[in-house]
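Using the sequences plus the hints, can you model the full thing?
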Amino acid sequence: MKIISITAREIYDSRGNPTIECTVGLENGKEAVASVPSGKSRGEHEAFELRDGGMRLMGKGVMKAVQIIETVIAPELLGVDAHFIKIDNLLCELDGTEDKSALGANTILAVSMAVCRAQAIAEEIEPYELMAYLCDFETVSLSYPMFNMINGGVHASNHLQVQEFLVIPVGIESFHAAMEAGSDFFHILKKLLEQKGYSTAVGDEGGFAPAFDHEQQALDFLMETIEYMQHEYGISMMIAIDVAASQFYDKKMDAYHWHGKLISSGELINWYRELAATYPLYAIEDGLSENDWQGWSNLYDALGNRIAIIGDDLFATNAQRIYRGIDENVANTVLIKPNQVGTVT
Numbered sequence: 001m002k003i004i005s006i007t008a009r010e011i012y013d014s015r016g017n018p019t020i021e022c023t024v025g026l027e028n029g030k031e032a033v034a035s036v037p038s039g040k041s042r043g044e045h046e047a048f049e050l051r052d053g054g055m056r057l058m059g060k061g062v063m064k065a066v067q068i069i070e071t072v073i074a075p076e077l078l079g080v081d082a083h084f085i086k087i088d089n090l091l092c093e094l095d096g097t098e099d100k101s102a103l104g105a106n107t108i109l110a111v112s113m114a115v116c117r118a119q120a121i122a123e124e125i126e127p128y129e130l131m132a133y134l135c136d137f138e139t140v141s142l143s144y145p146m147f148n149m150i151n152g153g154v155h156a157s158n159h160l161q162v163q164e165f166l167v168i169p170v171g172i173e174s175f176h177a178a179m180e181a182g183s184d185f186f187h188i189l190k191k192l193l194e195q196k197g198y199s200t201a202v203g204d205e206g207g208f209a210p211a212f213d214h215e216q217q218a219l220d221f222l223m224e225t226i227e228y229m230q231h232e233y234g235i236s237m238m239i240a241i242d243v244a245a246s247q248f249y250d251k252k253m254d255a256y257h258w259h260g261k262l263i264s265s266g267e268l269i270n271w272y273r274e275l276a277a278t279y280p281l282y283a284i285e286d287g288l289s290e291n292d293w294q295g296w297s298n299l300y301d302a303l304g305n306r307i308a309i310i311g312d313d314l315f316a317t318n319a320q321r322i323y324r325g326i327d328e329n330v331a332n333t334v335l336i337k338p339n340q341v342g343t344v345t
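In the numbering used here, the protein residues as written are 1 to 345.
Just so you know, the hints here were simulated from the structure itself, not pulled from any lab data. A hint or two may mislead.
Label-pair restraints from in silico Cβ distances [claimed, not checked]:
#, residue 1, residue 2, range
1, Ala177, Thr333, 21 to 31 angstroms
2, Ala102, Lys261, 41 to 51 angstroms
3, Ile263, Ser141, 34 to 44 angstroms
4, Ser141, Glu27, 29 to 39 angstroms
5, Asn291, His259, 16 to 26 angstroms
6, Ser141, Gly266, 50 to 60 angstroms
7, Lys191, Pro75, 23 to 33 angstroms
8, Ser141, Arg15, 24 to 34 angstroms
9, Glu123, Ile263, 45 to 55 angstroms
10, Glu224, Ile85, 43 to 53 angstroms
11, Gly234, Gly53, 51 to 61 angstroms
12, Val170, Asp327, 27 to 37 angstroms
13, Glu76, Glu224, 49 to 59 angstroms
14, Val140, Asp327, 25 to 35 angstroms
In this text, a Cβ means the ideal position worked out from N, Cα and C, and glycines have one as well.
Printed below as a string of structure tokens:
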């Protein structure tokens, strides 16, 4: 099915920041639309995100990207079959840089995602089914959701340095039931916070952002809610944390700014050991800086056989960094985000 039109426009994301929306039209008259996400805390190894700069929209406008899609990319793809793997390769060739800095990773991704959806529409299947088929996966299943319940770090204006505190339902028979459990947990936690005089205003990622002074308070509130869920609903939940440790890592000192003092990666790992011994901890995401490879190796040695050690900023969805992580045994889980690399594939 050939592509007959490609258009783009500037829209706004959930934070009120501008982002790109791309529409791909097919010769059968159908269209596919995709918009590009953007993280608030960005790793230094992520692909280049093109913004307009200047005064308009605090420099975050994406009209340059819109223009590139319509005047540079579209002429190259009109009349081409909507096969997203081939088109991803064409987009990378058209950009010609490793970090997508010529056209912008967000520019390229808008087209990549729209073409992926267009191919799925042409083949009358869902995008996830298309990707599973192309990856030779015979069966497809939905993962259990992780619910962001309490925000800290750059996602909130409190004293928590850990960026996200999440919960995961376990032993539940369906994704639908897991979503119900997450909703119940959220509202029960809200009542507990209100009862103890804390604000239930939400942070940048939608979790509560109470004026806690230390991570222990957040974890104890989660545990109280977990125990209530177990007692009243018979539902078990586990905890995950996204530390985003690169945000408070001091490269010159090779140490971490932690509640008013500098601590080593070893001291931070010891704290994670204590958490794993005290709470039903399922995962630690970005527990150390994206450049602290030795620290990551030590963290994996300490806890990798017990919990998920997740690399997000560490890997930045970059194949070379993922291969290095495998070779050096620094994590057992990778977080994949297309906006970090610029294409679906």
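Check: What hints, given by number in increasing order, does this structure fail?
Finding: 6 and 7
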